[in-house]
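*Asks:* Residue numbers (the working numbering), protein chains in the order written: chain A, 1068 to 1413; chain B, 1068 to 1413; chain C, 1068 to 1413.
Wrong hints could be hidden among the right ones.
Unchecked claim - Pair ranges (Cβ atoms, derived):
1. K1112(C) x T1158(B): 21 to 27 Å
2. S1256(B) x K1393(A): 15 to 21 Å
3. Q1359(A) x G1165(B): 51 to 57 Å
4. T1158(B) x H1173(A): 18 to 24 Å
5. A1358(C) x A1116(A): 23 to 29 Å
6. F1253(A) x Q1397(B): 30 to 36 Å
7. E1162(C) x F1251(B): 47 to 53 Å
8. E1362(B) x G1257(A): 22 to 28 Å
Said to hold, decoys possible - Counterexamples of contact, computed for chain C against chain B with all Cβ distances above 10 Å:
9. Y1113
10. Q1131
11. Y1149
12. D1181
13. S1183
14. H1221
15. G1294
16. Q1300
17. S1324
18. G1354
19. Q1359
20. I1366
21. E1399
22. L1402
Calculated from the structure, these hints are not laboratory results.
Even for Gly, the Cβ is constructed at its ideal location relative to N, Cα and C.
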Amino acid sequence: MEFSLGQVAQLVGGDLQGPAERTVSGIQGIEQAGPSDLTFLANPKYAPALESCRAGVVLVGRAQKTPPELAVIRVDNPYLAYAKLLTAAFTPPYEPLGVDSRAVVHPSARIGPDCSVHPLAVVGAEAKLGSRVVIHSGAVLGRGVSVGDDTVIHPNVVIYDGCVIGSRCIIHGGSVIGADGYGFVFDGSGHYKIPQVGIVQIDDEVEIGAGNTIDRAANGRTWIQRGVKTDDQVHIAHGCTIGENSLLVAQVGISGSSKLGKGVVLGGKVGVAGHIEIGDGVQVGGGSGVAQSIEPGQIVSGYPVMPHRLWLRTRSLVKKLPELFKRVKQLEQRLGEDESKERSDG
Amino acid sequence: MEFSLGQVAQLVGGDLQGPAERTVSGIQGIEQAGPSDLTFLANPKYAPALESCRAGVVLVGRAQKTPPELAVIRVDNPYLAYAKLLTAAFTPPYEPLGVDSRAVVHPSARIGPDCSVHPLAVVGAEAKLGSRVVIHSGAVLGRGVSVGDDTVIHPNVVIYDGCVIGSRCIIHGGSVIGADGYGFVFDGSGHYKIPQVGIVQIDDEVEIGAGNTIDRAANGRTWIQRGVKTDDQVHIAHGCTIGENSLLVAQVGISGSSKLGKGVVLGGKVGVAGHIEIGDGVQVGGGSGVAQSIEPGQIVSGYPVMPHRLWLRTRSLVKKLPELFKRVKQLEQRLGEDESKERSDG
Amino acid sequence: MEFSLGQVAQLVGGDLQGPAERTVSGIQGIEQAGPSDLTFLANPKYAPALESCRAGVVLVGRAQKTPPELAVIRVDNPYLAYAKLLTAAFTPPYEPLGVDSRAVVHPSARIGPDCSVHPLAVVGAEAKLGSRVVIHSGAVLGRGVSVGDDTVIHPNVVIYDGCVIGSRCIIHGGSVIGADGYGFVFDGSGHYKIPQVGIVQIDDEVEIGAGNTIDRAANGRTWIQRGVKTDDQVHIAHGCTIGENSLLVAQVGISGSSKLGKGVVLGGKVGVAGHIEIGDGVQVGGGSGVAQSIEPGQIVSGYPVMPHRLWLRTRSLVKKLPELFKRVKQLEQRLGEDESKERSDG
């Protein structure tokens, strides 16, 4: 990449204080950046580093105080501006490859304009791809799968029959969308399989990490709403709804028929029980277990979850249990509680 | 689907009270069902809904009281009858595709009658498929793999050399069967790999969810017995035995050489240590950690596990630890325990 | 396999006491082994079994007391000797297959001598394979991927553009190396994707289990150092460094930018927070949650972690909380603490 400061200011919608014709060709941290690098100040705690900053230009907040000699571009959100700049710098223009002759596309599938179907991808009967869809090698789309415009399906993804994927989505390698939900009924000698006749519906602007498993509904749909982003190895069981713009960090697991509101954040490895509701904006700390519904706006942690502040106090007390048992025993002895001898206090 | 009530009664082995020639074409919940729908009453708590039920017919238990004007079919297990009906309605007759010309089948592999080997599936040397086996696209079966009659291997499954899969099994997308178990011995400078020369053996009527990893034994076999059903992202290490009809919910992980009895149920995210035994019929609550062997028939939860009833009381007390520490401190102060000041009570 | 005792002694660098020409053809446990079997004594607690041992030969430590009539081979590390013997017995000589005509290898890729690129493997533009590299069916290597000598990539592995894999590595089925790290910035209406422009670098002698996800760095590299071994379903987020010879057991998850030292051992299901450091030689018990940095050499367990010995005492006390609350209440009552009535003690 090489951009003039004028170009950068235009790209990020910012106000430049400095020479418009100066160019930068790299991106570095605020302390490492040199005269040919761009850097940014998103976290106020690094503001003192501006004094000695040697960067060619710094993306800063609108009201940030900066040394007069330092070239800066003032924006509303420096981190967002940085991300947009990276996108401009590192996203080559899209060049459609068409359908590779070594891909397997069923004659009844409909492929929109300017798609790229890579070698050894499989597109099933009656599947339907929008415009500029990219299907990488080894991805397998079942019968009747529908994929919206500008969506990218990475290698070795599996999408079972009938599932619906929105526009501008990304699904990373090895994820499996629409496998049968886990449903059985005991028939006296074994577990009889309950047919899973629903689908998975993924709305627009969703990104699914690598190695996810999102199961089809028993009936109806498992629904991943607009703007949801999942990290790697996330599992979503049959019949769940994940509300708009929710974030599910790696190794989260959500049991059947649970509903997440909008903007929910589940930390890594969080487990969610079935048939519960998690309200809009709830945040759950990593490693926590959610066994019951949570009202909107709560911040919770622990196994099982409790208010996050309570958890911070509780988790340190668990380590002091041996001491507490000893103290209680001493109290009992002082009060002549001989019965305490019958107990084992560890 | 469209069935007459007479057909439905015959399919599920039930006694019809109502017009045999009436037809139903949909399946709905007991409150949503209309005159052209079938519904079922499996959970007694919904029985009052029968009074206002408008369904074309309801599957009910043999002894269920029902309004006289409501068409019902009496069966032993309404939920099972419902599942069987769904199966009849949604399972199209199997049509063998044969071996697609774009599949890669080694000349020494033996393919039974009426198999379907989809495009870009791989069947290795000396592999052996029974009758009506379905191998979906992208699945890779190693040398000498054996698959029983009527088994379905979904897209992008990997089965390593020499593993044995039973009849009437289903293995969902992306699962990896028979990768090397995790075995190393430190040689002073690094971890020397212990060859894993055993296999995975999966018996009949097993269903493996998406994204599972079931490792081959160091020697002998990792053994998944008849009727086991695993959910997605389950991990089973080398040398384990999973007893008949056990259920492993999503993200369960079982360490090496552990043995589960028959009919064990492990909730989501349960972790099981290595070299332990879990007795027949044990149930372990979601998110629990099992560090030691468990006698048959126990119901346990927690990290580490304890009797489930004890866990229900204990988990609510953890939240009250800050209060308890305060109370103990007050007791100590009342008894003049000055030494308590030296401690930090959080 | 069939080896003379002389051959075995030479293979493992041991001293034979017994007939060099005697042959063994099987490997069994110390109690099961018969005259045609080899066995080994690695754990001293089984030493008494030597008295009645009927094996053709036993691998034992240099100083082990053994019955005079028993053929033994004395070595420094019997378990390591056993592993080396297994390797010799079960590793057929490597026979290069070349590039199969049904593989898809970009014309600009460079393939070293004696490689095996199996049917339906994909090697992208400008990728570079060393000598004797094995790429199994269904594996997809992106643009510019580099793979060192003697490395084996198992079926359906995905390696994204630009990632670097060392020599003598093994990557098991279904693992995804180099998918985008999980990085977004909220733009007021949705989560804007931060381009992940780094790579994954895997050094020599690394083994990656099945179903792993190791994400590319936001910038720079996610770095798996020499000799690391991961079990199945391990997740490593963007920007992490995993130090030499560390062991990550199944279902471990490590959040972004964390650094593990050399020889770290993380038990199954361990979760590690982001931006922390775990020192050389740290061992973390299975199921634990690591929220803060850990000094070198510590052995810790629990959620959150504490010293392992403390954890062993603490975890048994959690079960006794109901009893403890009762005891404290009794103490309060004896002291006339009426206020305790206002509290609910579970």
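*Asks:* Please go over all the hints and tell whether each is borne out by the structure.
*Replies:* Verification of the supplied hints:
In this structure the supplied range 21 to 27 Å is violated for K1112(C) paired with T1158(B), their Cβ-Cβ distance being about 55 Å. Between S1256(B) and K1393(A) the beta carbons are some 46 Å apart, a value that contradicts the proposed interval 15 to 21 Å. A hinted range of 51 to 57 Å for the beta carbons of Q1359(A) and G1165(B) is consistent with their spacing of about 52 Å. As the Cβ distance of T1158(B) to H1173(A) is approximately 22 Å, the hint placing it in 18 to 24 Å holds.
With their beta carbons about 27 Å apart, A1358(C) and A1116(A) fall inside the hinted range of 23 to 29 Å. The beta-carbon spacing between F1253(A) and Q1397(B), approximately 53 Å, falls outside the hinted interval of 30 to 36 Å. A hinted range of 47 to 53 Å is violated for the C-beta pair E1162(C) and F1251(B), which are about 26 Å apart. Distance hint check for E1362(B) and G1257(A): the Cβ-Cβ separation is about 24 Å, which falls inside the suggested range of 22 to 28 Å.
Non-interface status of Y1113(C) relative to chain B is upheld: no Cβ of that chain comes within 10 Å, the nearest being about 15 Å off. With 10 Å as the threshold on Cβ separation, the claim that Q1131(C) sits away from chain B holds: the shortest Cβ distance comes to roughly 17 Å. Non-interface call for Y1149(C) relative to chain B: violated, since the shortest CB-CB distance, roughly 8 Å, does not exceed 10 Å. Interface exclusion of D1181(C) from chain B stands, the closest Cβ pair being 20 Å apart, more than 10 Å.
For S1183(C), the non-interface assignment is confirmed: its Cβ lies about 13 Å from the closest Cβ of chain B, beyond the 10 Å cut-off. With a least beta-carbon separation of about 7 Å from chain B, H1221(C) fails to lie farther than 10 Å from that chain, contradicting its non-interface assignment. Listed as a non-interface residue, G1294(C) fails to keep its Cβ farther than 10 Å from every Cβ of chain B; the least gap is roughly 4 Å. Not every CB of chain B is more than 10 Å from the CB of Q1300(C) (nearest about 5 Å), against its label as outside the interface.
For S1324(C), the non-interface assignment is confirmed: its Cβ lies about 24 Å from the closest Cβ of chain B, beyond the 10 Å cut-off. The beta carbon of G1354(C) sits about 4 Å from the closest Cβ of chain B, which is not more than 10 Å, so the claim that it is off the interface is violated. For Q1359(C), the requirement that its beta carbon stay farther than 10 Å from each beta carbon of chain B is met, with the minimum near 16 Å. Non-interface status of I1366(C) relative to chain B is upheld: no Cβ of that chain comes within 10 Å, the nearest being about 16 Å off.
Against the 10 Å criterion, E1399(C) falls within the reach of chain B, whose nearest CB is about 7 Å from its own CB. With a least beta-carbon separation of about 6 Å from chain B, L1402(C) fails to lie farther than 10 Å from that chain, contradicting its non-interface assignment.
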